[in-house]
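Chains as they are written, first to last, in our numbering: chain A, 265 to 596; chain B, 432 to 616.
Hints are not guaranteed to be accurate.
What the hints assert, rightly or not - Only pairs whose alpha carbons sit at most 30 Å apart, straight line, appear in this in silico BS3-like list of lysine-lysine: (1) B:Lys489 with B:Lys563; (2) A:Lys271 with B:Lys563; (3) B:Lys501 with A:Lys279; (4) A:Lys560 with B:Lys563; (5) A:Lys279 with B:Lys513; (6) B:Lys513 with A:Lys560.
Calculated directly from the structure, the hints in this document are not laboratory data.
As a plain string of letters, each chain reads:
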Amino acid sequence: MHDQDDKELFELMGKLGDVPFRNELRDRVLERAQVEMSTRVPPKSRRRKLIPMMSGVAAACVAIVIGFVMYSSGRSQHTTANIAQSVQSASAFGLANAPLQVSNVRIGSVKGDPAQSDVLATVKNTSNKPVSEADVFGVLSFTPNANTSVENWLTFVNGPSRTLQPGQSVLWSFHPSGPHAKAGSEVISEIPHLKFYTSQFVPVANADAVWVKSGLQVTNIQVQPVASPAKATWQAVDIETTIHNPSQQTIDLNNMRAVIWFAQNSSQTFLSDQSIRFLYHMAPETTSQHWPVNVKPNQTIHVSFQVLSDKNSDFFSRTPHVMVIHAPNVTS
Amino acid sequence: MQKAHQASQGDSAKEQVAPLEEWMDRYGQDVIHLAYSYVHNFHKAEDIAQDVFLRAWKNYDSFQGQSSVKTWLLSITANRAKDVLRSWSVKHEMTDDGTMLQHVPDSSTEAQVEARLQQDALWTCVNQLPEKYREVVVLYYARSLSGSEVAEVLGISEQAVRTRLHRGRQLLKEALGEKGGVFHA
Numbered sequence: 265m266h267d268q269d270d271k272e273l274f275e276l277m278g279k280l281g282d283v284p285f286r287n288e289l290r291d292r293v294l295e296r297a298q299v300e301m302s303t304r305v306p307p308k309s310r311r312r313k314l315i316p317m318m319s320g321v322a323a324a325c326v327a328i329v330i331g332f333v334m335y336s337s338g339r340s341q342h343t344t345a346n347i348a349q350s351v352q353s354a355s356a357f358g359l360a361n362a363p364l365q366v367s368n369v370r371i372g373s374v375k376g377d378p379a380q381s382d383v384l385a386t387v388k389n390t391s392n393k394p395v396s397e398a399d400v401f402g403v404l405s406f407t408p409n410a411n412t413s414v415e416n417w418l419t420f421v422n423g424p425s426r427t428l429q430p431g432q433s434v435l436w437s438f439h440p441s442g443p444h445a446k447a448g449s450e451v452i453s454e455i456p457h458l459k460f461y462t463s464q465f466v467p468v469a470n471a472d473a474v475w476v477k478s479g480l481q482v483t484n485i486q487v488q489p490v491a492s493p494a495k496a497t498w499q500a501v502d503i504e505t506t507i508h509n510p511s512q513q514t515i516d517l518n519n520m521r522a523v524i525w526f527a528q529n530s531s532q533t534f535l536s537d538q539s540i541r542f543l544y545h546m547a548p549e550t551t552s553q554h555w556p557v558n559v560k561p562n563q564t565i566h567v568s569f570q571v572l573s574d575k576n577s578d579f580f581s582r583t584p585h586v587m588v589i590h591a592p593n594v595t596s
Numbered sequence: 432m433q434k435a436h437q438a439s440q441g442d443s444a445k446e447q448v449a450p451l452e453e454w455m456d457r458y459g460q461d462v463i464h465l466a467y468s469y470v471h472n473f474h475k476a477e478d479i480a481q482d483v484f485l486r487a488w489k490n491y492d493s494f495q496g497q498s499s500v501k502t503w504l505l506s507i508t509a510n511r512a513k514d515v516l517r518s519w520s521v522k523h524e525m526t527d528d529g530t531m532l533q534h535v536p537d538s539s540t541e542a543q544v545e546a547r548l549q550q551d552a553l554w555t556c557v558n559q560l561p562e563k564y565r566e567v568v569v570l571y572y573a574r575s576l577s578g579s580e581v582a583e584v585l586g587i588s589e590q591a592v593r594t595r596l597h598r599g600r601q602l603l604k605e606a607l608g609e610k611g612g613v614f615h616a
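Please take these sequences and the hints and turn them into a complete structure.
If you want it as structure tokens, here you go:
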């Protein structure tokens, strides 16, 4: 194969130069590997039936896990034009606490909402710079009582919608909404916890919190619309994906959480307030659902989420991502 | 006792990541070069490279040893890059971010600037090749893999490699010709 043309091309292609493999990348890989090694499965959390409440991001997006079924090779695949494969290469995410002091987190109501159906909090900018909504993201979680630190429900929330000047305080509120409201009461009966992080990843070594990706592999993410009534103000899409446990250890889904986000571009993560994002337990939400809580070594299961949002959400012009992480500590 | 235990854990961790360090030192540039040739975006290529090394490290037990570590890593790279290209967002939005190579400093000589321009133009020609030809051309000519190694990485026959190399070479020469023979010595 080595004729004169070949020699010229070898010489020519040599001029392409090396694409640099930067030391920063090398360090990042080693850092992630170290985190993988140090990962410890958090204590098993006891699953409780949820209170009749749903929520999502402040943009009123709501979602519910509707079911997991065992994967079967004979199962028919419903594909759509907008099939997307999530691309997530990081194994751990370093998060920094936002410079927001959260106090007086309580259940109450704002004008127009049913009594005791909102979470309220006082949020103060403790830094010397303005903090905008895009600078932070939050996690709202609930515990059944004051004696436990293990949340039984959590969701992403946005920061205050107005920019907070240094030292400025604002009343933050969040109203969980969704199909569960139809069942009757929207009264919140559990203890809310609220934390805000900056919307930029930080090195794991410097992080206040580290969200560690599970060893579960998520592939074959498919999205398809769900029919809704003509006058509905909401829309739903099904997200179907395959989860595989390539490890030699059984993985307990009670100890995992699903991070789902619809990104506008390939670089947009779940930290962006422009993402449509959801955070979920990976366990049944209703008694009619059945799926394996423990994913055995080399087992593959099929997972299905139904995501609801307002009618104007542009799900199909975005890329869906599903990522499984170890349950983060978000209550302290 | 406590200290001894910690030291032992530390040594063990160091041993566990040792292969990873060695692979990155030896094959890091091969991996990121191949990834870049698929996605034409340095940041995305870095993401792919990171994913490749961590996947390989985590799945080293499954490495059969029937191929070399290098071709194994490059095989993972090719597959991961193709996964990325198949994703909707990449098809629609990924473009060369122009930061692949270090910026030419203001104090660069004319020759350095000229070399950089040649590199950019050459990458443009290579990137114009259809993927099936580009991948064999890059692996064979730019990364100096043998025909059998290219076949191993891409999971195709050596005959297919030869056929694609022949056609890829023709297409590349045509593209270079359109550039006005910039690269002729």
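Tested hints:
no.	hint	result
1	B:Lys489 with B:Lys563	29 Å, holds
2	A:Lys271 with B:Lys563	22 Å, holds
3	B:Lys501 with A:Lys279	22 Å, holds
4	A:Lys560 with B:Lys563	38 Å, violated
5	A:Lys279 with B:Lys513	25 Å, holds
6	B:Lys513 with A:Lys560	29 Å, holds
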